[in-house]
Amino acid sequence: VAGLTYSPSAYSTSEEPNSLEEITSYNNFYEFGTGKEDPSRNAGALTTDPWSIVIDGLVDRPGSYDLADVLKDQPLEERIYRFRCVEAWSMIIPWIGFQLSGLLNRVGVQPGAKYVAFETLVRPEEMPGQQSPILDWPYREGLRLDEAMNPLTILATGLYGEVLPNQNGAPIRLVVPWKYGFKSIKSIVRISLVAEEPPTTWNMLQPSEYGFYANVNPTVDHPRWSQASERRIGAGLFGGRQDTLMFNGYEEEVASLYSGMDLAKFY
Amino acid sequence: MDRLNALSRRVPVNAVYLAGVLPFLWIVWLTLTNGLGPDPVKAIELRLGELGLQFLVAGLAITPLRWAGLNLIRFRRAVGLLAFFYVSMHLLAWVTLDMGLRWEQMAADLVKRWYIIIGMLAFATMIPLAVTSTNAAIRRLGPAAWNRLHRLVYVSALGGAIHYLMLVKAWPVEPLAYLAAVVVLLGLRLWRHGRRQVAQSA
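Chains C and W supply the protein sequences, listed in that same order. Counting in our numbering, the first sequence runs from 1 upward without gaps. Counting in our numbering, the second sequence runs from 1 upward without gaps.
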């Protein structure tokens with residue numbers, strides 16, 4: 001696989017990234033099983049080429065776009081982001097991707113659009129986890145339009161300078177670094193611009209535990225576990241925990257999106 | 001069945017203890033050789049907890065097996081103490097490796113989070129059972145009182161299985177399987193108890 005061409009980004013953290021081995025063998029991707037090691041074991045069979053994405057709803061140029069067309073003219077950057085799972089573990093991941101705003105601007109967002117809805121591929125014959133109704137497939141996620149347009153929000157197509165491995169959401173996935181990991185939907189086949197807040201998978205399953213916003217917030221606990229601290233994967237047996245940062249450390253960039261909102265209510 | 005019973009009589013109890021600590025040594029080995037994947041802490045915690053549940057389920061199976069004619073009662077103390085060992089190690093792994101000795105956060109969790117409260121309760125109910133597992137304790141309490149006390153293990157097993165189910169996302173198979181096993185093994189006791197009462201009143 002040829003390496004990708006990309007430039008560095010001022011949005012990258014200077015923290016030491018996790019190893020490729022850690023990032024590619026410890027995944028939540030229920031389409032390939034509920035165990036952390038299931039995706040690396042089962043995702044190899046996924047066909048990612050050809051790949052197309054339906055972009056529809058309140059856009060000027062709706063249609064089914066071939067992946068190459070989606071990527072056309074979007075400048076790739078390396079974004080080394082903190083990644084915080086709702087299960088209270090975290091990693092540092094060197095994504096390669098481009099700003100979602102670049103794609104949305106290209107397809108033309110109409111004035112009535114307030115939210116962006118995303119869907120993951122449904123292909124049970126290649127995604128064995130989808131053979132059980134453990135989640136209501138397809139996996140769905142969504143962002144408010146201003147969140148989607150924020151420069152931190154990217155569509156990632158690579159990792160460590162190479163094409164994205166299947167278990168990490170190949171060929172294209174969302175990365176929203178100030179939100180819990182489940183918001184960063186993988187293997188996207190549909191992007192819809194809509195007027196109303198779209199239904200999202202974990203919120204549909206358990207609304208009291210997984211909000212639509214799902215911003216990383218150490219002061220708002222998950223009903224079952226605390227969000228005050230996290231374990232950094234790779235910290236070692238006695239690595240202990242570190243304090244979780246408000247908006248996962250991206251407060252400066254995103255806090256203004258939520259000014260005046262009660263984040264305990266809109267969790 | 002007689003041959004199975006004859007065979008089991010030839011197995012020394014110490015062999016059960018020895019076999020029972022092998023999974024622990026295996027976890028230690030995997031830890032030392034980086035065989036537990038990117039998150040060894042969670043893997044250690046999960047494996048220890050699952051082993052605790054497995055020994056609890058095995059212990060609960062001994063009485064129904066005896067009704068079916070297979071007598072493994074000699075091994076029950078070993079199985080029970082091994083369950084206590086694994087559950088204790090699971091708790092120790094949580095306190096040290098997972099929570100990193102964050103006492104304040106643990107204390108807050110302990111009064112607030114049901115899966116932790118239930119897990120801790122399940123552990124607590126095992127302490128008196130472990131303490132009274134000696135022959136001397138059985139003599140001191142008398143068999144009837146000892147038997148009554150040791151029904152606490154129903155709470156330990158049910159609590160442990162519920163604890164597991166409560167901490168996972170969605171509905172994966174493993175925690176459901178443990179809960180089902182515990183419910184079936186306790187249900188068998190209720191069913192038999194009910195039948196005997198009917199038989200007595202008839």
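Since the hints were derived computationally from the structure, they do not count as laboratory data. Just to be clear, a hint being listed does not mean it is correct.
With a straight-line Cα cutoff of 35 Å, these simulated DSBU-like cross-link-like pairs (lysine-lysine) come out [claimed, not checked]:
(1) K114(C) - K72(C)
(2) K112(W) - K72(C)
(3) K169(W) - K42(W)
(4) K169(W) - K114(C)
(5) K112(W) - K265(C)
(6) K42(W) - K265(C)
(7) K72(C) - K265(C)
(8) K36(C) - K169(W)
(9) K42(W) - K114(C)
(10) K112(W) - K169(W)
(11) K36(C) - K72(C)
(12) K265(C) - K114(C)
(13) K42(W) - K112(W)
(14) K42(W) - K72(C)
Okay, the calculated beta carbon distance ranges per label pair [as the list claims (entries may be wrong)]:
(15) M204(C) - Y154(W): 31 to 39 Å
(16) K72(C) - K112(W): 49 to 57 Å
(17) I117(W) - G239(C): 47 to 55 Å
(18) Y154(W) - M246(C): 38 to 46 Å
(19) T219(C) - V95(W): 22 to 30 Å
(20) K112(W) - E21(C): 54 to 62 Å
(21) G239(C) - Q197(W): 51 to 59 Å
(22) D56(C) - F24(W): 36 to 44 Å
(23) E104(W) - A10(C): 34 to 42 Å
(24) G239(C) - F24(W): 53 to 61 Å
(25) R123(C) - A137(W): 54 to 62 Å
(26) E197(C) - W67(W): 26 to 34 Å
(27) Q105(W) - E21(C): 24 to 32 Å
(28) L121(W) - A264(C): 34 to 42 Å
Short derived list, chain C residues pointing at chain W, Cβ under 8 Å [to be verified]:
(29) Y11
(30) S12
(31) L104
(32) R106
(33) L135
(34) M204
(35) S208
(36) F212
(37) V220
(38) S226
(39) A228
(40) I233
Just so it is clear, the structure is predicted and the values come from calculations on it, not from any experiment. We put the beta carbon where it would ideally sit given N, CA and C, even for glycine.
Quick rundown of the hints versus the structure:
1. For the given pair, K114(C) sits about 25 Å from K72(C) by alpha-carbon distance, which is consistent with the 35 Å threshold.
2. For the hint linking K112(W) to K72(C), the alpha-carbon distance of about 51 Å lies beyond 35 Å, and the restraint is violated.
3. With a C-alpha separation of about 15 Å, the suggested pairing of K169(W) with K42(W) holds against the 35 Å cut-off.
4. This hinted pair checks out: K169(W) and K114(C) have alpha carbons roughly 30 Å apart, not beyond 35 Å.
5. A hinted pair counts as satisfied when its Cα atoms are at most 35 Å apart, and K112(W) with K265(C) qualifies at roughly 19 Å.
6. Between K42(W) and K265(C) the CA atoms are separated by roughly 31 Å; this keeps the pair inside 35 Å, and the hint holds.
7. For the suggested pair K72(C) and K265(C), the alpha carbons sit about 40 Å apart, so the restraint of at most 35 Å is broken.
8. A distance of roughly 12 Å separates the Cα atoms of K36(C) and K169(W); the hinted pair therefore holds under the 35 Å criterion.
9. Pair hint K42(W) plus K114(C) does not hold up; C-alpha atoms about 40 Å apart against a cutoff of 35 Å.
10. Distance restraint check for K112(W) and K169(W): the Cα-Cα separation of roughly 18 Å lies within the 35 Å cut-off, and the hinted pair is therefore satisfied.
11. A C-alpha spacing of about 33 Å is found between K36(C) and K72(C), which places the hinted pair at or below 35 Å, so the restraint holds.
12. Taken as a hint, the K265(C) and K114(C) pair is honoured in the structure, with Cα atoms around 20 Å apart against an allowance of 35 Å.
13. Among the hinted pairs, K42(W) with K112(W) is consistent with the structure: their alpha-carbon atoms are about 22 Å apart, no more than 35 Å.
14. At roughly 41 Å between alpha-carbon atoms, K42(W) and K72(C) are farther apart than 35 Å, so this suggested pair is violated.
15. Between M204(C) and Y154(W) the beta carbon distance is about 36 Å. The supplied range of 31 to 39 Å therefore holds.
16. In this structure the hint that K72(C) and K112(W) lie 49 to 57 Å apart at CB holds, the actual value being about 51 Å.
17. For the pair I117(W) and G239(C), the beta carbons lie near 27 Å from each other, so the given range of 47 to 55 Å is not met.
18. The hinted range of 38 to 46 Å is satisfied by Y154(W) and M246(C), whose Cβ atoms lie roughly 45 Å apart.
19. Taking the beta carbon of each, T219(C) and V95(W) are about 24 Å apart, inside 22 to 30 Å as hinted.
20. Our hint of 54 to 62 Å for K112(W) and E21(C) is violated, since their Cβ atoms are close to 36 Å apart.
21. G239(C) and Q197(W) have their C-beta atoms about 56 Å apart, which keeps the hinted 51 to 59 Å range intact.
22. For the hinted restraint 36 to 44 Å between D56(C) and F24(W), the CB-CB distance of approximately 56 Å leaves it violated.
23. As the Cβ distance of E104(W) to A10(C) is approximately 36 Å, the hint placing it in 34 to 42 Å holds.
24. In this structure the hint that G239(C) and F24(W) lie 53 to 61 Å apart at CB is violated, the actual value being about 22 Å.
25. For R123(C) paired with A137(W), a C-beta distance near 60 Å keeps the hint of 54 to 62 Å intact.
26. Checking the proposed 26 to 34 Å range against E197(C) and W67(W) shows it is violated: the Cβ atoms sit about 57 Å from each other.
27. Taking the beta carbon of each, Q105(W) and E21(C) are about 30 Å apart, inside 24 to 32 Å as hinted.
28. With their beta carbons about 29 Å apart, L121(W) and A264(C) fall outside the hinted range of 34 to 42 Å.
29. Contact between Y11(C) and chain W, as hinted, is not supported at the beta carbon level, the nearest pair being about 25 Å apart and thus beyond 8 Å.
30. Interface hint at S12(C): violated, since its Cβ lies 22 Å from the closest Cβ of chain W, which is beyond the 8 Å cut-off.
31. Nearest Cβ of chain W to the Cβ of L104(C): about 30 Å, over the 8 Å cut. The hint is violated.
32. Violation of the interface hint for R106(C) is found here, the shortest Cβ-Cβ separation to chain W being roughly 36 Å, above the 8 Å cut-off.
33. Interface restraint check: L135(C) against chain W, minimum CB-CB distance 7 Å, threshold 8 Å, status holds.
34. The interface hint given for M204(C) is broken, as the beta carbon of that residue sits about 12 Å from the closest beta carbon of chain W, more than 8 Å.
35. With its C-beta approaching chain W no nearer than about 13 Å, S208(C) sits outside the 8 Å limit, and its interface hint is violated.
36. Here the hint on F212(C) is broken, as its CB sits about 17 Å from the closest CB of chain W, past 8 Å.
37. Hint status for V220(C) relative to chain W: violated, with the closest Cβ pair at about 13 Å, above 8 Å.
38. Among the interface hints, the one on S226(C) holds; its C-beta lies about 6 Å from the nearest C-beta in chain W, closer than the 8 Å criterion.
39. The interface hint given for A228(C) is met, as the beta carbon of that residue sits about 6 Å from the closest beta carbon of chain W, less than 8 Å.
40. With its C-beta approaching chain W no nearer than about 5 Å, I233(C) sits inside the 8 Å limit, and its interface hint holds.
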